[in-house]
Amino acid sequence: MTSTRKTRRLLAAGVAVTLAMATAACSAPEPTTDPNAEIELQVLGAEDISAFQPAIDAFQAENPNITIIYNSVPFAQFSSTIQARMSARDSGLDVYMVDEPRVPFLGSSEFVVPYPGDADALAETLNKNDLEAVTWNDQIWGLPMWTSSQVLYYNKALLAQAGIPDPSSAPEDRLTWEELIDQATAAQAAGAQYGFSFQQVDRYYQLQTLPETLGGGPGLTGDDLLTPDLENDGWEQAMEWYASTFADGVSPRGIDVGQIPPLFQDGKLAFMVGTPVYVSSFAAIDTLDWGVAPMPTFEGTDAATPTDGWALGVSPYSEKQEAAWKFIEFLTLDPEGSAASIQGKPFPSANKATQEDYLAQLPELAGGHAPEISNLLTYELENTAIHRPRTTGYVVFEEVMNKAFADIRNGADPVERLAQAQRDLGAVFGRLPGN
Amino acid sequence: MSESTGRVSDRAERAVRRSPHRPPARRRAQGREAVLALLFTAPALIALAVLRLWPMGSALTTSLLAPGSDVLGLENFRYLFSDPAFLEMVRVTVLFSVIVNPLQIVLALALAVLLTQRLRGVRFWRILVFLPAAVPQAVSAIVWGVALRPDGPVNGFLATLGIDVQPFLSSKDQALFSIIVIVSWIGVGYWMMFLIAGLLDIPAMYSEAAAIDGAGWWQTFWFVIIPQLRRPLGFVLVADTVANFLVFAPVQILTRGGPEGATNLVMFEIYSRAYQYGDLSLAAAETVLLVLIVLAIVTLQFRLLPGKD
Amino acid sequence: MFETYDPMRRKWPRRFWTVVAMAAGIYALLPLLWVLSSSLKPAGEIFAGLSPLTPQVLIPSSVTIESYVALATSSFPLALFNSLFIVTVTVIAGLAMSALAGYGLAVFRFRGRAILFAIVVISFLIPFDAVALPLAELFRDWGLDNTYFGLILPGIGNGFAVFLLRQFFLGIPRELIEAARVDGMNEFGIFTRIVLPMSKPALISAAQLIFVFQWQSFLWPLLIATDPRMTVAPVALASFVGQFEVDFGLMFAGCVLTIIVPIGVLLYAQRYFTESVATSGTKG
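For the protein sequence lines, the chains are W, R and S, in the order given. Under this note's numbering, the first residue of the first sequence is numbered 1, with each subsequent residue one higher. Under this note's numbering, the first residue of the second sequence is numbered 1, with each subsequent residue one higher. Under this note's numbering, the first residue of the third sequence is numbered 1, with each subsequent residue one higher.
Everything labelled a hint here was simulated from the structure, so no lab data went into it. Any given hint could turn out to be false.
Claimed, not checked - A short, non-exhaustive set of chain W residues, derived as facing chain R with CB atoms under 8 Å:
id, residue
1, SER80
2, ASP233
3, ASP407
Each residue gets a CB set at the ideal place from its N, CA and C atoms; glycine is no exception.
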């Protein structure tokens with residue numbers, strides 16, 4: 001074959017394929033309004049599909065005319081993807097995971113719709129903390145599915161090597177941060193590669209508790225929580241301490257959040273603060289001997305632990321809102337659906353009954369490594385859990401703070417960096433509409 | 001293959017031989033050529049207008065609207081030029097461009113020359129050098145993130161040479177340099193391919209003639225090869241400059257603009273304004289400024305290019 | 001090619017330059033070897049041997065294909081197929097359009113030529129990701145979301161490719177084209193039968209531009225291909241990043257499969273790089 005003819009054939013094929021595609025695009029099925037017709041619900045989450053599959057299967061078994069199409073986007077890009085798609089008035093998204101502290105932002109931006117059902121009845125089924133978290137301007141903007149808390153994981157072998165006794169799992173015998181760092185340093189001296197790390201090492205979610213316990217507040221003040229308040233003793237003291245853990249080499253710099261759990265799994269990290277969801281994956285590693293203790297607090301302060309979880313919300317641009325709420329109610333309010341929602345991955349549930357079952361199963365999931373974990377979680381969720389600030393400015397606030405935490409971790413002067421974050425926040429809050 | 005290429009060159013030669021030299025009927029020819037040109041260019045130009053210029057026009061309108069206002073004005077631009085973080089971003093982006101573009105072009109040219117020599121397995125090495133450009137950016141960023149960890153393989157390698165642990169991405173002095181290494185790992189092989197195509201297209205008779213004249217390697221390279229390579233080189237210069245203004249994924253995944261803004265390049269800035277802060281009008285204003293600045297630079301490059309058409 | 005008259009060859013033996021070429025290739029390859037070996041490691045061993053650095057980094061203690069098996073049952077094969085299909089159509093259609101436009105801008109003399117060329121230049125200065133939002137809205141109005149057509153279109157209009165081909169076509173001697181006209185050949189015939197056959201290296205370079213743009217595209221599919229059946233490989237790879245855990249094994253195995261395609265295409269395309277040397281005698 002001559003190359004000339006080949007080139008021409010390629011060109012012709014190109015034109016033909018392009019035309020065929022154009023026709024295919026035009027003949028796409030029209031959306032229908034018939035209630036008994038097949039409905040496809042588009043769901044977007046920040047967890048991979050294995051977390052949702054059991055719940056989706058259960059829902060589809062009960063609602064054969066509804067098909068759930070689940071998509072996931074990594075957590076780091078999740079919030080920006082939602083913003084992009086909602087700003088573009090995307091009708092191809094019906095249900096999405098709502099990070100609870102973002103409720104005021106999403107609600108005020110009209111990126112989610114308020115719950116149309118009986119809001120007063122929800123308190124019977126769902127836990128109070130998470131219901132509070134999805135309430136803003138007297139409306140409920142999504143139904144909470146999972147809640148969250150944090151525990152301190154420790155590597156028994158690394159502690160034993162340094163002659164350190166296992167920390168107690170009782171909330172009243174909580175370690176102080178000062179003690180923790182001493183022990184972590186000792187463990188490191190005895191052979192652990194790193195002493196301690198937060199799992200979400202430069203995120204507000206875990207770090208908010210540090211200034212809060214020292215009386216520094218959440219970092220925002222004023223009626224709308226739109227006034228930055230970072231230049232106070234509590235914040236400065238907390239960040240000086242946080243900076244010192246890296247400066248002294250007890251905590252690692254330059255390792256991404258996603259690579260911290262593998263450090264603990266590989267036996268290179270003595271202590272890690274992280275989610276109870278890890279118990280099942282840690283229990284699956286034969287070579288790892290670990291335990292669970294309460295998250296520490298500073299000496300002489302009352303403990304605080306992170307909370308807030310994931311709710312499910314409905315997009316205002318969805319054309320299938322009725323079916324969308326049906327799906328959400330199944331995963332959050334229905335006993336069977338709610339139970340299925342934590343089968344894929346062991347998240348603490350925002351549904352009271354499911355949470356009881358979850359707590360009953362958790363020690364077994366942990367493979368005997370954490371017999372007291374259920375009591376601990378119950379205690380933390382009831383007594384020490386603190387919300388993140390509920391404000392329309394939270395999304396921007398979190399971005400600015402996470403950048404500040406990353407800089408402090410990498411060696412920026414904590415006090416100066418907080419002052420800069422304070423200025424940055426003033427500037428970006430000034431640009432929020434209506435400010 | 002040789003049959004077909006032979007036929008083309010025969011036909012071309014015959015055509016050249018018969019080419020008459022008579023004055024063209026200028027105006028009519030111009031009109032005819034304009035119609036032809038429109039026919040040839042219409043599909044691509046329509047695509048570019050709809051897929052690039054139209055949304056850019058929409059961004060331009062957005063950039064003139066202050067948040068919560070529906071009056072056109074320059075408020076967003078005024079804000080940007082009084083924002084120290086924005087000015088610092090401009091400084092970082094300029095510094096990055098000034099280093100990364102010459103570096104990539106020189107390395108790409110050197111490798112292109114090397115990999116067009118008759119060496120054992122040369123085609124295979126070419127493909128290897130190009131491969132990083134085909135790796136999904138999310139993965140290459142993760143790989144480099146692991147490689148540059150304080151306890152990662154790069155530091156492990158340095159340790160065998162007796163060099164202390166380097167902080168790389170977590171140091172404000174080294175982070176930008178690290179990003180330059182990463183984007184060059186991707187970019188050098190990519191741009192090299194365009195230069196290889198250009199080098200292979202230079203007829204051997206030029207260097208033969210130079211050799212007969214007694215020119216050395218460097219003389220041949222500078223006075224024969226480089227002028228012959230001016231079009232592909234011009235393309236790579238312009239396209240690489242533009243591409244490096246758009247570096248995004250490694251910054252987003254590895255440094256998020258930090259430490260202390262040291263790697264806050266313009267595309268990440270635009271992304272975080274638009275999609276993280278939700279400030280679409282400021283992001284649009286930055287996009288407009290970016291396009292204007294790159295336009296100015298590229299216009300300058302066109303003027304400086306030798307043998308301008 | 002000018003290597004035949006390389007006097008340096010006498011001072012620096014060919015073997016030395018071969019070693020330099022190998023070194024460049026291996027430098028480019030090393031991170032990918034880590035990806036390959038990690039994709040064959042048992043789960044939990046991926047970060048083993050990093051510090052202190054041991055050969056375990058590149059050599060798995062035992063080879064397992066469990067990541068590939070898990071990948072085969074996930075949505076990744078479909079995503080890879082989608083990417084392949086999309087990129088194939090994009091390259092063919094985009095190349096046809098860019099070649100036509102590049103030729104139109106290079107060969108014909110007419111008033112307004114500078115303006116048309118300026119449109120091309122400005123179009124490639126516009127960062128696509130920065131204007132993706134309004135465009136996504138427009139595409140959705142047209143019902144192009146979740147269609148292959150909607151995913152392909154943005155890759156087709158590639159100003160860089162038009163620019164590159166125009167640069168190349170400018171180098172074609174005008175007499176060649178004028179002579180063909182006198183020969184009675186029509187313009188499209190000249191384009192397809194004389195110009196294109198002698199432009200293979202430039203066409204391959206332009207194809208490379210279009211290919212890499214589409215192969216790497218991430219934000220656009222995220223906005224417009226929301227149905228998992230329409231998802232593409234880079235997005236599918238990113239979805240192995242969970243909230244608390246990253247499935248590095250799956251991600252690296254997927255990455256290996258994603259790179260195999262370009263390797264194959266390149267191996268094939270390289271034939272045309274050498275072939276062009278034979279034809280280059282016709283132009284100067």
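Given SER80 (chain W) was flagged as interface, is its beta-carbon under 8 Å from a beta-carbon of chain R? It holds, given that the least Cβ distance between SER80 (chain W) and chain R is near 3 Å, below 8 Å.
Close enough to count: is the Cβ of ASP407 (chain W) nearer than 8 Å to one in chain R? 5 Å, holds
Interface hint for ASP233 (chain W), Cβ within 8 Å of any Cβ on chain R: 24 Å, violated
Taken one by one, the earlier hints fail for this structure only at number 2.
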